[in-house]
Each structure stands twice: as C-alpha cells, then as structure tokens.
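Each residue of the sequence shown is one higher than the last, beginning at 0 in numbering that gives the first Met the number 0.
Hints listed in this document are in silico derivations from the structure and should not be mistaken for laboratory results.
Source: prediction; values computed, not measured.
Among the hints, erroneous ones may be present.
[As the list claims (entries may be wrong)] Computed cross-link-like contacts, DSSO-like style, restricted to lysine-lysine with a CA-CA straight-line distance of at most 27 Å:
{"#": "1", "residue 1": "K183", "residue 2": "K218"}
{"#": "2", "residue 1": "K118", "residue 2": "K595"}
{"#": "3", "residue 1": "K183", "residue 2": "K215"}
{"#": "4", "residue 1": "K118", "residue 2": "K139"}
{"#": "5", "residue 1": "K144", "residue 2": "K218"}
{"#": "6", "residue 1": "K630", "residue 2": "K595"}
{"#": "7", "residue 1": "K215", "residue 2": "K304"}
{"#": "8", "residue 1": "K139", "residue 2": "K218"}
{"#": "9", "residue 1": "K144", "residue 2": "K118"}
{"#": "10", "residue 1": "K176", "residue 2": "K215"}
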Amino acid sequence: MTSQVSSEAGEALVGEQRSAPATAEHGSAKEVRRLDRVIIRFAGDSGDGMQLTGDRFTSETASFGNDLSTLPNFPAEIRAPAGTLPGVSSFQLHFADHDILTPGDAPDVLVAMNPAALKANIADVPRGGEIIVNTDEFAKRAMQKVGYATSPLEDGSLDAYRVHPVPLTTLTVEALKDFGLSRKEAERSKNMFALGLLSWMYHRPTENTESFLRAKFAKKPEIAEANVTAFRAGWNFGETTEDFAVSYEVAPATSAFPTGTYRNISGNLALSYGLVAASRQADLPLYLGSYPITPASDILHELSKHKNFGVRTFQAEDEIAGIGAALGAAFGGSLAVTTTSGPGVALKSETIGLAVSLELPLLIVDIQRGGPSTGLPTKTEQADLLQAMFGRNGEAPVPIVAPKTPADCFDAALDAARIALTYRTPVMLLSDGYLANGSEPWRIPDTSELPDLTVQFAQGPNHTLADGTEVYWPYKRDPETLARPWAIPGTPGLEHRIGGIEKQDGTGNISYDPANHEFMVRTRQAKIDGITVPDLEVDDPDGADTLVIGWGSTYGPITAAVRRLRAAGEPIAQAHLRHLNPFPKNLGEVLKGYGKVVVPEMNLGQLATLIRARYLVDARSHNQVNGMPFKAEQLAAALQEVIDA
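Start from the sequences and build out the full structure, keeping to the hints where you can.
What follows is the structure in structure tokens.
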C-alpha cells in the first residue's frame with residue numbers, strides 16, 4: 000500500500016491524546032473525537048487471526064497517511080494450547096498524526112477475544128483505557144483455565160476501565176447465517192467482525208481490506224464473501240449500537256514525512272528489498288543459501304519470489320550447508336547471502352572463518368532472538384553482538400552493521416553489501432525480531448539515489464616476477480582498501496588455490512611460516528580497521544553532560560525517552576551506532592566529551608563491555624532481556640536517575 004505525502008519534515012510532537020468538541024461527521028449522529036495518537040492491541044488465541052487482523056488495520060492506517068509502528072507478539076508453538084496464557088497472540092499498533100518511534104508503552108484500546116487474552120494483557124492497559132471483550136468466550140471452564148475464580152466482567156475488577164462487552168462470536172455467526180457455513184466455519188470470521196468494528200471506531204478505509212479478502216480467498220469465493228460480510232457487520236455494529244457512542248479520528252501525519260511515495264514495510268521485507276537492490280546496483284546475481292529459522296525465514300520466503308531480478312534461493316538441509324553453498328556462490332562471482340538467527344550463527348561459525356581466510360564477500364544476516372540455545376524463538380533480543388564480534392576460532396575479524404528501524408533495514412543491507420564487495424570480506428548484518436516483524440512507513444527511494452556498487456573482477460595477470468613472467472597473485476592487495484582481487488572461476492590464467500589453511504602473502508600458496516601467518520593476521524585486521532564508515536553524529540542541542548548511546552532496535556525507545564526528558568527540561572545527548580566493527584573513528588572523542596555515558600541494550604551489557612574495554616570510559620549499562628523492546632517511559636525514568644546521580 001502506497002500513499003503520496005507532500006510536505007516538509009516537521010518537528011516531532013510529543014504529547015498525550017487530545018480531543019476536539021463533539022461533532023457530527025461522516026453522516027453519523029454520533030460524537031467524533033479527534034486524537035493525535037492511539038495505541039491498539041488485538042489479543043486472542045494463536046488461531047484467532049490476531050496477526051492478520053493487525054496487519055490489515057495497519058495497512059489501512061498506512062494508506063490513510065498516519066505515521067505508525069507495530070509490535071507483533073506471538074507464541075513459538077505452531078498452535079499453542081487454546082485458551083491458555085502461553086497460547087495468547089497479540090498485535091499492537093501505534094498510529095499518530097505526527098512522527099512516532101515506538102509501538103507504544105501501553106494500549107489505549109485492548110481487544111480481548113477470550114479470558115486468556117484479557118488476563119495476559121490487562122496489566123498493560125492504563126486506568127481509563129478501553130477494553131472490548133468477546134463475552135461469548137467467557138464460559139466458566141475457559142475462565143478457570145487461566146485462573147479466574149469469578150468472571151472479571153461481573154466482579155468489579157474491571158471498574159477502572161471502559162469495558163465494552165460484545166458477543167463477537169454470536170454476532171458473527173448471525174451475520175453469516177445465510178452462507179450455509181457450519182458454526183465452526185462461521186466463527187473463524189470473528190476477527191474480521193472485530194476488525195470492522197475497530198475500523199469504524201477510528202475511521203479507517205475499508206476498500207482495500209475487502210479487496211484483500213477477495214484476493215486471499217479467491218479459490219473459495221464463498222469464504223471470501225463471508226469474511227467481507229463479517230467485516231461489514233462489525234462496521235455496522237459500531238455505527239448502530241448504543242454501547243459505542245463515540246468514534247475517533249487521527250489525522251494523517253502530513254508534517255512527519257518528507258515528500259515522496261510511501262508504503263508500510265516490515266524489517267524483513269525491507270531487508271529483502273535492500274538485498275535485491277544491492278545486487279542490481281552491483282550488477283551481480285543474488286544468491287541466498289539458507290535454512291529456515293525464526294525470525295529470519297521471511298527473508299527466504301520473500302527472495303524466492305524474485306527470480307525475475309536474478310535472485311536464486313537455496314533452502315539447504317541445515318545451517319552449515321546453507322552458508323557453504325553461499326560461500327561457493329561468492330567464489331563464483333555472486334552477491335552471496337545467508338540468513339539465520341543466533342543458533343544458526345553458531346553452526347555457521349567455521350564457514351564464516353573460512354570466508355575471512357578466503358577474503359570473499361559474503362553477507363551473514365542474523366535476525367537476533369532470545370537465547371541461549373533455542374531460547375525464545377519469537378521474542379526479541381540483542382545478545383548476539385559479542386558472538387558476531389568474536390564467535391570464531393582464531394583471529395577472524397568481521398565487520399558488523401546494525402539497522403535501527405524496520406525501514407532502515409533496506410539501507411543497512413545496501414551498506415553491508417558495500418563493505419563486503421569493496422573490502423572482500425564477510426559482513427555480519429545484525430537485525431532482531433522486533434525490527435524483523437515490526438513495521439513502519441518507508442519512503443520508496445528512486446534508483447538514482449542508490450549507491451553504485453559495481454565490482455571490477457580480475458581480468459588477467461597482476462604481478463610480474465623477477466624474471467619478467469606475468470602471473471596472477473590472488474592475494475595481491477589494493478593499496479587503499481587492502482582487498483584482494485576477485486577472479487571468476489574458469490577465467491584462463493587466473494587459476495588459484497583456495498582452502499582453509501593459511502595462505503602465503505601474495506601468491507596464496509599454503510604457508511606454515513610463522514612470520515607470514517602473523518603478517519596475514521595483522522593484514523586482515525588492518526583491512527577491517529580501515530573500512531570507511533561515517534563519523535558518529537551526536538544529537539545534543541543543550542550541551543548536556545549525559546550521553547545515551549545505543550545500537551540496533553533500541554533507537555526508537557531511546558529517542559522517545561530522550562524526547563520526553565527534553566520536553567521536561569532535562570538536557571541529554573543522544574548518539575546511535577550503525578557500525579559496530581569497526582567503530583566510527585570519532586567514537587572515542589565523542590565518549591570522552593561527556594561526564595556520564597549510558598548504554599541501554601537488550602542484553603546484559605555487550606556494547607558497554609566493548610566501549611569500556613576499547614576506550615576506558617565508564618559506560619553505564621541499562622539492560623533488559625525479557626524478550627520485549629524497551630518501554631519509553633521506563634527508559635526515560637532510568638535515564639533521569641543517571642542525570643540526577
């Protein structure tokens with residue numbers, strides 16, 4: 000879904016909901032209140048279609064022109080036990096008429112499809128928040144399963160909230176009685192009834208959702224029309240019932256975006272498009288060797304759709320085979336990629352070391368998740384940084400690039416490809432589950448804005464021996480980048496040996512010479528240390544004494560927390576790292592310019608450890624490893640404590 004925005008980027012607003020005087024609009028006699036932002040959370044069983052419901056509401060919100068940020072949250076099990084707390088799936092959407100950075104700390108509206116969904120999420124809803132409850136599911140057995148001794152709808156425990164009891168299942172079945180569906184089949188459309196109701200409440204467009212449903216169920220037109228009917232019934236219910244006396248408007252974020260064509264995009268989709276764009280800009284075929292793993296599998300699924308762009312995808316039998324095939328493709332002249340998560344990086348480590356030794360371009364995409372071992376497959380974490388930095392035997396340095404938002408995954412993929420191709424090295428691209436599954440508006444770039452990544456392959460001999468013979472030396476280096484030449488296998492006269500044993504400088508022959516080994520180790524390190532990365536930019540309008548520095552997906556919560564503190568009159572500086580190896584050359588100078596340095600991370604202090612070791616700065620950690628992103632309010636409180644200390 001794309002939309003045009005024609006405005007200059009405006010100053011971001013930070014504030015609570017606001018409402019205008021009652022008006023009668025859209026042909027309705029009901030009151031319409033204007034808000035500047037809303038946070039909605041859909042919650043139900045993993046089989047209730049909450050992710051689809053959230054996706055559709057998000058798509059319509061994006062087409063309307065709001066800024067938005069999403070947080071899908073679902074169980075690791077394919078079908079967790081119905082009606083249980085571990086089986087609850089939720090989708091949170093924050094949308095606004097101004098620039099926003101996070102999916103929000105607490106939902107203003109909770110849609111709870113059953114007792115488990117209510118129990119799992121009620122603690123996050125602020126007093127006065129709205130709760131839409133599917134009363135049909137609040138049977139005694141279902142409530143007892145999650146620990147409700149009495150019905151929360153009747154015992155007064157929800158008196159602090161604005162509760163809307165709605166028999167969603169009954170209303171859906173009644174709306175579909177003419178379709179000849181079984182009750183079980185009809186009940187499956189209750190998520191569309193809920194979507195229709197919320198679409199009415201917030202004046203979301205409806206045409207694209209109806210088109211989507213007809214396309215999704217094109218082979219089953221009766222199911223398509225049943226879902227469309229349920230969706231319309233939800234809308235009409237909101238319009239006619241007395242329980243919903245107010246609807247809400249959130250205007251488009253006309254001042255939040257530069258001029259351009261926008262679409263809603265998730266991190267994994269943006270990363271996939273970035274890889275395709277990189278291959279086109281490099282004029283190289285894209286090869287993905289991968290093994291499915293949550294939360295990286297979507298990249299394999301997406302890239303498999305783009306054979307028309309010269310993309311070849313290979314689903315290997317395991318992680319080791321996936322990266323082995325990718326490294327072979329790199330040797331053969333492709334822009335090679337392997338995608339995985341933390342457990343897969345562990346299995347790929349030896350082949351990453353081989354890529355370091357062979358000095359071939361290879362992108363290793365790590366969509367981080369909760370660990371260790373299998374850990375929390377569907378939850379987010381930032382705990383693979385030290386693994387990316389050091390998780391190989393021997394001295395095997397690898398550049399590390401980390402995107403900061405879902406849309407930034409596109410640019411980060413291009414940046415990682417630039418480094419890999421220019422310096423002939425494997426590159427680690429560290430995203431995470433929060434970025435991968437979350438979404439936000441993305442301005443579609445013009446191809447003229449993309450970097451030129453074209454590569455010059457070796458064409459002939461590059462070295463003259465003492466006797467005048469011209470030969471090809473596979474490890475003769477570019478004096479600026481220290482990159483070795485890249486020769487396409489089968490090119491006459493450019494035959495050379497590859498393998499995991501140490502190479503002789505220049506010739507690439509096997510060498511056990513101690514002095515040569517030390518020279519090669521130091522040269523490979525110098526190549527990584529010499530990679531050109533931009534200087535670190537610091538946002539410090541007030542000459543603060545405290546600097547908060549982050550990396551990866553902490554960008555949104557950190558920036559939101561900093562905005563809150565500045566709005567309260569507190570001076571605080573902010574900087575964000577995209578390049579984690581090598582660090583920007585001015586990082587040490589920046590750090591030494593502040594009396595206090597705070598590093599929020601979704602791990603136990605991995606970047607802080609690197610900063611303290613490298614720059615001897617007393618970097619203070621603020622850590623969280625609960626599988627969820629930081630909340631801006633809690634982070635702001637933690638930063639306030641540092642400022643006051």
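Verification of the hints:
Restraint check for K183 and K218: the C-alpha separation of about 20 Å stays at or below 27 Å, so the hint holds. With a C-alpha separation of about 40 Å, the suggested pair K118 and K595 falls outside the 27 Å cut-off, and the hint is violated. Our distance criterion of 27 Å between C-alpha atoms is met by K183 and K215, whose separation comes to about 20 Å. Restraint check for K118 and K139: satisfied, since their Cα atoms lie roughly 14 Å apart, inside the 27 Å limit.
With a CA separation close to 38 Å, the supplied pair K144 and K218 exceeds the 27 Å bound. Simply put, K630 and K595 have alpha-carbon atoms about 22 Å apart, close enough for the 27 Å limit, and the pair holds. Our distance criterion of 27 Å between C-alpha atoms is met by K215 and K304, whose separation comes to about 17 Å. For the hint linking K139 to K218, the alpha-carbon distance of about 39 Å lies beyond 27 Å, and the restraint is violated.
As the CA atoms of K144 and K118 are separated by approximately 11 Å, the hinted pair is consistent with the 27 Å bound. For the given pair, K176 sits about 22 Å from K215 by alpha-carbon distance, which is consistent with the 27 Å threshold.
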